[in-house]
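Protein chains in written order, with the working numbering: chain A, 1 to 283; chain B, 1001 to 1424; chain C, 2001 to 2305.
Mixed in with the good hints, there may be bad ones.
Unchecked claim - Stretch-level coverage of chain C by chain B, calculated; a stretch enters the list once three of its residues show a Cβ under 8 angstroms from a Cβ in chain B:
(1) 2137-2143
(2) 2146-2159
(3) 2257-2264
(4) 2281-2291
Said to hold, decoys possible - When the alpha-carbon atoms are kept at most 16 angstroms apart in a straight line, the in silico EDC-like pairs for lysine to aspartate or glutamate are as follows:
(5) C:K2263 with B:D1067
(6) B:K1099 with C:D2048
(7) B:K1218 with B:D1067
(8) B:K1423 with C:E2195
To be verified - So the derived list for chain C, only partly shown, Cβ under 7 angstroms to chain B, looks like this:
(9) I2051
(10) I2052
(11) G2053
(12) R2206
(13) L2208
(14) P2246
Simulated from the structure, these hints should not be mistaken for laboratory data.
Note that the Cβ used here is the ideal one computed from N, Cα and C, for glycine as well.
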Amino acid sequence: MKNKRKKKWIINLLKYVGLIAFAYVFLFPILWMVFGAFKDNIELFSSMSLLPKSFNLDSYVTGWKGTANISFGTFFKNSFILVGLTTIFTLISSILIGYGFARFDFPIKKILFVTMIGTMMLPNAILVVPRYILFNALGWIDTYKVFYIPALFGCYPFFTFMFVQFFRSIPKELDEAAKIDGCNSFRILTHILLPLLKPVIVSCIVFQASWTWEDFFNPLIYISSTRNYPVSLGLRMNLDTAAAINYPALLAMATLSILPIALLFFFAQRAFVEGISSTGLKG
Amino acid sequence: MKKISILMLAVIFVVSLTVTVFAAESPVTLRFRWWGGDERHKATLAALDLYKEKTGVTVEAEPVGWDGYESKMMTELGAGTAPDILQLDQPWLLNLIQKDVFLDLTDNPEIDFSQFDQEFLKLQCVREGKLIGLPTGGNSFRFVVNKNFMEENGIDLSKNYTWDEWFELGKKIHDANPDNYLMAWDPGEPWKFFDDYIRDKTGDYIIGDDYTVHASKKDIVEALTYLAMMYETGTSLPVGEVMPFTCVMDTNPKWLAGEIGGMPDSASKIDIWVAASTFPIWTMNMMVPTDAKNTGAFYRPSQLYGVPNSSANQEEAIKFINWILTDKEASLVQGTARGVPIAESAFEALKKAGELSDITVDAMERGIANQAPAAPAVTGDAEIGQILFDAFENVAINHDVTTIDSIADELIRRIQTRLDEMKG
Amino acid sequence: MLFNRINLRKRGRRNQWVGYLYILPWLIGFLIFQAGPLFASLYFSFTDYSIIGDTNFVGLKNYLTAFTSDVNFMKSLRATLLYVFGAVPLKLSLAFIMALILNSKLKGIRIFRTAYYLPSIMGASVAVAILWRFMFMKSGYINTILGFLGFRTFDWIGSPSTALFVIILISVWQFGFAMVLYLAALKDVPTELYESASIDGAGPFRRLFSITLPSISPVIFFTIVMQLIAHFQDFTAPMIVTRGGPLKTTYLYGLLIYDNAFKFFKMGYASALSWILFIIIATITGIIFKFSNVLVYYRGGSNEE
Chain A
1 MKNKRKKKWI
11 INLLKYVGLI
21 AFAYVFLFPI
31 LWMVFGAFKD
41 NIELFSSMSL
51 LPKSFNLDSY
61 VTGWKGTANI
71 SFGTFFKNSF
81 ILVGLTTIFT
91 LISSILIGYG
101 FARFDFPIKK
111 ILFVTMIGTM
121 MLPNAILVVP
131 RYILFNALGW
141 IDTYKVFYIP
151 ALFGCYPFFT
161 FMFVQFFRSI
171 PKELDEAAKI
181 DGCNSFRILT
191 HILLPLLKPV
201 IVSCIVFQAS
211 WTWEDFFNPL
221 IYISSTRNYP
231 VSLGLRMNLD
241 TAAAINYPAL
251 LAMATLSILP
261 IALLFFFAQR
271 AFVEGISSTG
281 LKG
Chain B
1001 MKKISILMLA
1011 VIFVVSLTVT
1021 VFAAESPVTL
1031 RFRWWGGDER
1041 HKATLAALDL
1051 YKEKTGVTVE
1061 AEPVGWDGYE
1071 SKMMTELGAG
1081 TAPDILQLDQ
1091 PWLLNLIQKD
1101 VFLDLTDNPE
1111 IDFSQFDQEF
1121 LKLQCVREGK
1131 LIGLPTGGNS
1141 FRFVVNKNFM
1151 EENGIDLSKN
1161 YTWDEWFELG
1171 KKIHDANPDN
1181 YLMAWDPGEP
1191 WKFFDDYIRD
1201 KTGDYIIGDD
1211 YTVHASKKDI
1221 VEALTYLAMM
1231 YETGTSLPVG
1241 EVMPFTCVMD
1251 TNPKWLAGEI
1261 GGMPDSASKI
1271 DIWVAASTFP
1281 IWTMNMMVPT
1291 DAKNTGAFYR
1301 PSQLYGVPNS
1311 SANQEEAIKF
1321 INWILTDKEA
1331 SLVQGTARGV
1341 PIAESAFEAL
1351 KKAGELSDIT
1361 VDAMERGIAN
1371 QAPAAPAVTG
1381 DAEIGQILFD
1391 AFENVAINHD
1401 VTTIDSIADE
1411 LIRRIQTRLD
1421 EMKG
Chain C
2001 MLFNRINLRK
2011 RGRRNQWVGY
2021 LYILPWLIGF
2031 LIFQAGPLFA
2041 SLYFSFTDYS
2051 IIGDTNFVGL
2061 KNYLTAFTSD
2071 VNFMKSLRAT
2081 LLYVFGAVPL
2091 KLSLAFIMAL
2101 ILNSKLKGIR
2111 IFRTAYYLPS
2121 IMGASVAVAI
2131 LWRFMFMKSG
2141 YINTILGFLG
2151 FRTFDWIGSP
2161 STALFVIILI
2171 SVWQFGFAMV
2181 LYLAALKDVP
2191 TELYESASID
2201 GAGPFRRLFS
2211 ITLPSISPVI
2221 FFTIVMQLIA
2231 HFQDFTAPMI
2241 VTRGGPLKTT
2251 YLYGLLIYDN
2261 AFKFFKMGYA
2271 SALSWILFII
2281 IATITGIIFK
2291 FSNVLVYYRG
2301 GSNEE
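Given these sequences and hints, build the entire structure.
Right, here's the structure in full:
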């Protein structure tokens, strides 16, 4: 008995060692970024050691002030609004549209589905200018409507497709059973299917939040006032090849900018821990 | 009836009078976008505050970084939503003028042309007879050096070295210590080695504004051969080690360790080098071919300001540009945020106030005195830059002299194709 | 029998309309926000559109140029194919293995999952560029370690033969997204299946191949398709770390399009390049969808896609 416990303990220890070692190698660039915020320009690029000579928060203070009288407080606020709205709307529309494609049969469904997948196969770069002209006509330039309204209308097919696949991995028998009990399609969605897909919902939220948060090019084109800039643009506002760059301050702000998403992911994992061990079917 | 119509007229009169008065008094807001770093942003914003104090005109600032500036500008120009004043880069001028999207400022009454060097404007800013941008400052191309390194190796900072002499020195230094390199060449900068080599050797640039290739194949081959030698002899740090740091060589560990002698760079970046390095910095003239027809170095406007056709406040915008470029107080407030000002009064004001560092003044004055002929407008084309870079990279990475002939052929062919395309 | 058939038809017809209702947001979104720009770009591919100035119709000239006179087109295509078929299998395999490992109830597993997910949210920040340069340059961190261990060092970013490997590595480094999806999918596999298989004497590998993989095959399929589509268009890593070099060995197709669109402002040509890419991606995706009938198992039934 004791031997078995000891063996398990050793195996667990080895697992931890392995995970930590791999994590160290894996995260090295990020660690370098985090510690880099405590160095100065010269130490940053000439020293091989990961740890800084001293720890002080100067770079964070300097970096936070931002550029041109706009602090990172404003940039973070903007990012939260932009990302929050876009993510929620993406989630809602992807679930509804995904449900439609996954569980229903209607004429030309295949063609529509293929078209939706097809829209992802064209690079954004060449669509940006026509879209700018469209959004300008709608008066949405320099607002976040450019992001969250298309999100509400299924313009992020990645997530729709994702939900389609997850819906299809749930047996239809569950739907049938609920229908016999008198549920309409919407109730089936909300009471039967969605509870089974908590991890997927969380994934959708985390992914869309990450992507929208770090998106540089789209906000660059569609947002013109610097006070509406999200963090991704704020980080680059004072980067010019002809200018002296305060790299530690840059790294400090870059570190801060991945914190919200990292925290979101960390706390969102409860949905992954709560496993669904049974689909509730008998036999 | 009559009473009512007179009343009506009176009302209309009063209303229109009020409207006119208010319209005339409604404050003008200009949108002004520029790229730069922290220093420039701060300095420019100070100038904008000053302008508001003096004229009551609000200038809404859009300070941004260099990344994506051109893409955004072009998108907005295409949709007609660009800011009233835009900072421009000289290479963009030809294309913008050909597409007719900016105001032609020639002979504009709001501008004090006496402040600007007419020759400079004509050769560096005017394209196809039109002037769409006024220069903010001038930038000259120098060879920035690590003073200690150069002194240790007996390099004379006041001499004009020829490439032959330079390579001899480079080989000696590198052979003695394989970690050391006399120089590094950053191919990401617009000044291409063999482009300048040909200009210095023949007195003319590789291409001209008549949309043809001016240089002979023999000259191009010679230039490429010298380029190969720059790497063969160990004079220059290998391209593979420079590319990751293109345009930010001041963060290159080898430089910081004092293992590199010097680098070509623009005078405007001297302060960056000084701040980044733990050893003293100075500048020297660029190297030239033997029997060079030209020994001057590249000199060009740092940036320019222009007003798009779509601006709703054209007159105010032009007034603003004139003020920010020529007004003495404006220049004092901005300092050297955009290089050394071109406008006479601005430059003098800064010099008098002691705002220019010794090394900058020296670099600028030597640079101005030692100018190369202005580059043709077509050299600003991004695709031509890419073509020249490709040829450069080919030679720099392999430095195999047997391939130079075919590289030269391909270079000429590709440039001519692009020039034909530009002629349209 | 007849009664059943009538019921089926009735149910089928009723389903139709509701289905349209659910996908209505996409229909509206597509028509307003996507169809216009898509057709505009197709039109532009037959012109010399350069955002400002006149636009002239040039027929198939752009498409011909790509295949005949653009020296970078073929190089870019080759680099991209190597990148796609190098990075995607590596990335997804690693993601799957890590998902299996991290699907445990070990204490603090949440921290590890977050740790391995972090690189994926780094995106294209300036920090990433600096970090990878610092790691892989000739005098960089990786070489320092390799040298210390007595291995040969390479100029990873500076040499044409190794630069693409670094770019692939950056992509693989960001496997977090796929890993999270696999974790989510693994949660959905009913443990009773594992239990009964164990009772029947199936070992861990047998369980993996007969239960795990088939159960999460819809998600694996999804990640394969999406990663392929995405990787064909990727360009941020080469743009900020190697600038497409050296000698265009990391000049991914997405970067070729971006340069033509926003560096040379040859939007017409960039559009043509994009539609060529579209055809390539669509073809490969189509082939994979055809295979899905054989390889993907949907517990929700009916493999008609």
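Right, here's what the structure says about each hint:
Coverage of the segment 2137-2143 of chain C by chain B holds in this model, with 3 residues showing a Cβ closer than 8 angstroms to a Cβ of that chain against a need of three. For a cut-off of 8 angstroms, the count of residues in the segment 2146-2159 of chain C with a CB near a CB of chain B stands at 4, and the three-residue condition holds. Counting residues of the segment 2257-2264 of chain C whose beta carbon lies closer than 8 angstroms to any beta carbon of chain B gives 4, which meets the minimum of three for the stated coverage. Here the segment 2281-2291 of chain C counts 0 residues with a CB under 8 angstroms from a CB of chain B, which misses the bar of 3, and the coverage is violated.
This hinted pair checks out: C:K2263 and B:D1067 have alpha carbons roughly 11 angstroms apart, not beyond 16 angstroms. Distance restraint check for B:K1099 and C:D2048: the Cα-Cα separation of roughly 13 angstroms lies within the 16 angstroms cut-off, and the hinted pair is therefore satisfied. With a C-alpha separation of about 38 angstroms, the suggested pair B:K1218 and B:D1067 falls outside the 16 angstroms cut-off, and the hint is violated. The suggested pairing of B:K1423 with C:E2195 is violated, with an alpha-carbon distance near 75 angstroms, which exceeds 16 angstroms.
For C:I2051, the shortest C-beta to C-beta distance to chain B is roughly 4 angstroms, which falls under 7 angstroms, so the interface hint holds. The criterion of a C-beta within 7 angstroms of any C-beta in chain B is met by C:I2052, whose closest approach is roughly 4 angstroms, and the hint holds. For C:G2053, the shortest C-beta to C-beta distance to chain B is roughly 3 angstroms, which falls under 7 angstroms, so the interface hint holds. The interface hint given for C:R2206 is violated, since its Cβ lies 48 angstroms from the closest Cβ of chain B, which is over the 7 angstroms cut-off.
Hint status for C:L2208: violated, given a least beta-carbon distance of 42 angstroms to chain B, over 7 angstroms. Residue-level restraint check for C:P2246 holds (minimum Cβ-Cβ distance to chain B is 6 angstroms; threshold 7 angstroms).
Hint check: violations occur at hints 4, 7, 8, 12 and 13; the rest are consistent with the structure.
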